[in-house]
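K.L.:
Okay, here's what each chain looks like letter by letter:
Number of protein chains: 2
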Amino acid sequence: MQRKLFCLLLLLVCLAYHSEGTKADDGYKLWQRYEQVQDQAKLQVYRQAINELIVQGNSPTLTVAHQELQTALSGLLGQTVPSSQQVTKQNVLVAGTPASSALVKNLGLTDRLKAVGNEGYLLQTSTKNGKNYTVIAANTDIGVLYGSYHFLRLLQTQQDISNLSIASAPKIKHRVLNHWDNLDRTVERGYSGFSLWDWHRLPGYIDQRYIDYARANASVGINGTVLTNVNANALVLTEDYLKKVAALADAFRPYGIKVYLTARFSAPIEIGGLKTADPLDPQVQAWWKKKSDEIYSFVPDFGGFLVKANSEGQPGPQNYGRNHADGANMLADAVADKGGIVMWRAFVYSEDEPDDRAKQAYNEFKPLDGTFRDNVLVQVKNGAIDFQPREPFHPLFGAMPKTPLMMEFQLTQEYLGQGTTLAYLSPMYKETLEADTYAKGKGSTVAKVVDGSLDNHKLTGIAGVANIGNDRNWTGHQFAQSNWYTFGRLAWDHALSSEQVADEWIKMTFTNDNKFVAPVKDMMMNSHEAIVNYMTPLGLHHIMGWSHHYGPGPWIKDKHRADWTSVYYHKADEKGIGFDRTKSGSNAVAQYFPPVAKQFGNVKKVPEKYLLWFHHVPWDHKVNSGRTLWNELAYRYSGGVDDVRQMQKTWDNQEGMIDQERFQHVKQLLTVQEQEAKWWRDACLLYFQTFSKRPIPQDLEKPAHTLEYYMSLDPKFVPGI
Amino acid sequence: MQRKLFCLLLLLVCLAYHSEGTKADDGYKLWQRYEQVQDQAKLQVYRQAINELIVQGNSPTLTVAHQELQTALSGLLGQTVPSSQQVTKQNVLVAGTPASSALVKNLGLTDRLKAVGNEGYLLQTSTKNGKNYTVIAANTDIGVLYGSYHFLRLLQTQQDISNLSIASAPKIKHRVLNHWDNLDRTVERGYSGFSLWDWHRLPGYIDQRYIDYARANASVGINGTVLTNVNANALVLTEDYLKKVAALADAFRPYGIKVYLTARFSAPIEIGGLKTADPLDPQVQAWWKKKSDEIYSFVPDFGGFLVKANSEGQPGPQNYGRNHADGANMLADAVADKGGIVMWRAFVYSEDEPDDRAKQAYNEFKPLDGTFRDNVLVQVKNGAIDFQPREPFHPLFGAMPKTPLMMEFQLTQEYLGQGTTLAYLSPMYKETLEADTYAKGKGSTVAKVVDGSLDNHKLTGIAGVANIGNDRNWTGHQFAQSNWYTFGRLAWDHALSSEQVADEWIKMTFTNDNKFVAPVKDMMMNSHEAIVNYMTPLGLHHIMGWSHHYGPGPWIKDKHRADWTSVYYHKADEKGIGFDRTKSGSNAVAQYFPPVAKQFGNVKKVPEKYLLWFHHVPWDHKVNSGRTLWNELAYRYSGGVDDVRQMQKTWDNQEGMIDQERFQHVKQLLTVQEQEAKWWRDACLLYFQTFSKRPIPQDLEKPAHTLEYYMSLDPKFVPGI
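Chains as they are written, first to last, in UniProt numbering: chain A, 1 to 721; chain B, 1 to 721.
Treat the hints as calculated values from the structure; they're not laboratory data.
Take these hints with a grain of salt, some might be off.
If several chains are the same, the list does not tell them apart, and a pair holds so long as it fits within one copy or across any two.
Calculated pairs, PhoX-like style, for lysine-lysine (alpha carbon to alpha carbon, straight line, at most 25 Å) [unchecked claim]: (1) 29 <-> 667; (2) 243 <-> 667; (3) 716 <-> 275; (4) 598 <-> 359; (5) 171 <-> 693; (6) 716 <-> 290; (7) 716 <-> 243; (8) 622 <-> 605.
Use the sequences and the hints to build the structure in full.
P.N.:
In structure tokens:
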């Protein structure tokens, strides 16, 4: 009795220590916290199932897999799991490849392994010679690492591991983060502090953050990173910087992450001393080949180039009368022999103002289908404008069957509240991925275009514009971590549901307690729709503040390009509001395949969420709710604000369920978000009211200030420009 | 036997958990780690001495003192110390003021408390009614907080607490950090990431870092912070920003930290709509009064203004034919009724190139002695040029007896290797503080000028240009934390020795194990001299790279101002090297009091460390070592590099003594420092050799590259500009 008491006391000391630790949580550990499993029954089961850890092989990747398993198990199980090179216990966790591990080789997994390819893995429980094995097996070392993270996720989310038979392989080959990071460490559209890359102290100093960044990426299967901004600086291609790039590549390599760079198209002039950057000029071609070879001499597994050309003032092949394929192919040829790829962005628009910017990428790129080299991907944003809170899928998807199209999602919340807004973006990504292009009839989803299955492409890719900076919690807003997580998970398997991804993330990041998980998951699932409603309901788009894109700016007009203003997009007048993209207007709908074009082009059939994207609609038009368009707008804007208030209530109820630091962090930011939501609602309704001349419905909250007040607001030093 | 074994096992689990924690240390916790006391005997003594914690009173400051004691004791003792409002145990830790705490009031400390003033405290052990008390007593709540940190420091450094009788009060009133932080979060001369102040998310979002920043400052007695760059932006004085400033002030207030702002002298024009900023213009005076009142409406305990005027292009009173006193007094009048102060910088130089920039501050300010308002401090850098690796003390110290002079030290390592160099700066600070001005005869040290004792000033101050940024470890280099710590400790008590401060810091930051403390302390104590030797030995100064100040640039010449070049300062020619500041030259020595002037002005008596600061010396001049000046230069430069290599060895021996993360961090940076030291040595020796025409002594390492190579280096995007 006394003994038990004493031990209990000791345990309490441990627990007190432990809870001290959680008190001061700053979010740095992301979803890789490896806190001890809370469910005592599960904990006992896990402890019994893992008496010993065997990782045979000592490549850099297997070494980090081994370390990760050791560290994680020690945290999750609250006890050290001994490592061994041979089986000495009853219940053994084995990780390895048939090549590195005799144990794995002899477990009879050969056939099943064939199916998971170069990056996939098996998680399998089996019994042999009276011993129980939990096996993480793969054909390659990186597959073992991915499998290890999957296995750890099962423990982190308290899943049953007693009878595992999981095979997993990525649906998309290149799963890449795009960092819009400048060499001075500012980040274009970055709201999480400044760039992780401390160029000045590279190559000599490898920050632990680089390793932890790689660990986080590997844990969700991200296998590439473009280090630099698409608005590129050619200096990164000079020797001094390539040494720094190489140091990062060395740090990332064990985690299966390839490094890519943005190629400034005019680099041959700026750092090469040439007079032209014409892609058909042999000197230019030779320069890029030599430069690429130099890069490979520093980074033998260099991934290739990402290029923004002839877009928003960036140089490109059109400066020389050439087309995008000419430019992309030149770079592709320069890296082809080393296995490199070129990701050529379709986010382009010409110097001339178009009748509809939404049509430009399609108009420029569709005719080039079939003219790109085999190692070129055309990288297409999810929608045709620019990462708006909601866009219908980009009409290029399905329209270039001979060209692998790479998806570009934006994780950083340029148009989604930036650094102060809780936005779980999986539902938005899924909306695009699941959209049906009808390119080859019903079921020709965007996802199938991107994963190559629709047009039988082996070369596939997906990019996420990173939301990561040097803030202590990486992403500025604690919940923005979920979008980094989601991007990786969907890039690996776009069939995952938003709910499942949220469920995993919450459990790994906060707690498995369902009293927390369920309401917080609901809050996340509704968060994107709330933002759309208080910012750009019913298909409105591009009505944000000038230049910094922070806050509402539906009144923006008279700039040097009409298609950079707001009035160009909402086209509000006394009759109604919305961009007519039907036959009577720009006819952008015609870029979609007929079944889609027909639906989107019909004001009665278009999904209401895209109504004003495609149609100029009279103020008194009756919408699905039975309300007039004007009243519906007012209710949507107000409903968005109400939703944020509901999120606040939900969150406030969680106090005590998690550490105080992260609780307060989110609570404060939700307060700011509520203020910003009201700002959007009031500013937009007052502005649009000057056209509609109709009252805001009586039962809705009245604007707090005048339109003049909102128009006078001029926030300075907004981050991310 | 079995019971003991089981408990031992449980203990091991605890320890394993604990060591997991230390493995991943990123330095965020600074010297406030509160790890469990390592010495088991001491731990037992401490546990016995503190059975209960009583903090009576619930002001914000007492609340944070209470929290800090609770959290710290729980960590240090490895067990929770129960808090109570009355004595229930045998051995009690009591903290409070006579006003807040009946216990404290009745312990008979009244007389001794009188002596410690508004910020001081007593730490006292005593016995009453059979109970043993450890008392932290003060006249004010902030004194209690300071005393609490002192008490915790005793435990953190494993001191005897059985018989305490300590009285402590600060020697200097205003102990202030100067942040050279811009509103876009860049930091001028910042090498630790970017500004802590996330202006965009203020006032709504209070980052936990603000609280931890305040805790760290309070723990060393820093009681003020100037939030913004001396190269000021008037926008911070507008209402939008004042709301943000108020939020920071609210966060800092419980920790006794007042907020100050930099006042851009032309603000009345830029944000006030006036046509002039003439300090004698009644409209301008009224504008500043109104603006100050507005600031106080947001921040009732606003500290006042720091001003850089008529210096390096900043606007100031001289633009209107007025002098520095006119400018300072106008601002002083604007804040006087609220108790504000003005810190007016003496770091000035006119548009015209002087014969010797070192003389300018003295020439401009000495005549103004006695003309400043009572609430003005003139803030003087430690030396007359600009924070060089070593400077003789500024001749203004002692020269303005009627004016309180505030010391300005630089913590950020603008000229001391920036973000990659291990430099413990206490010896440098102490060298200045202990320098004898002879203003009132022998013993008239700079410290006595600054602490007011020499000229009987009540208003006293000391400023440190902060080295803090948003890097995870706050200061970029782990060891740069020691300079933040040192600044606070010396500001409180400049009589502390550098060894003692280093000893405290090492023990609190790393470990109390003397196998670590002793060699690391030696390394720190020698670090500044090593840098001086490989950068600017023997009194050389201002020979760094252009603009960014990174790396050597002794060849810098032909810029638009001669006194921004290097050749202006080293004056190397075929005869010799050094700046003649004696009678035969600029006669800057005459600005010192005669005994000093006589010593510095005599090439045979001047301390060798200042030789080339005051004298142009022939290459074959024999120095103390018996070597020629040229050979001595070569040996000094080489010796500095050797010292860094010795530091590397010392550090490498510590592997395993501390967590691997911080060990590797420092190890990597020492490798970079060794490369930079060689760069300085080789570049400077090769360059000066073009004048001396003498060989580098045979036994010294030869330069790795040619002078042309070093002159061609052109690092881009150096941080901190």
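K.L.:
Now tell me, hint by hint, if it's right for this structure.
P.N.:
Hint check results:
no. : hint        : result
1   : 29 <-> 667  : both (20 Å within a copy, 24 Å between copies)
2   : 243 <-> 667 : between (43 Å within a copy, 20 Å between copies)
3   : 716 <-> 275 : between (40 Å within a copy, 24 Å between copies)
4   : 598 <-> 359 : within (17 Å within a copy, 82 Å between copies)
5   : 171 <-> 693 : neither (51 Å within a copy, 69 Å between copies)
6   : 716 <-> 290 : between (44 Å within a copy, 23 Å between copies)
7   : 716 <-> 243 : between (37 Å within a copy, 14 Å between copies)
8   : 622 <-> 605 : within (13 Å within a copy, 96 Å between copies)
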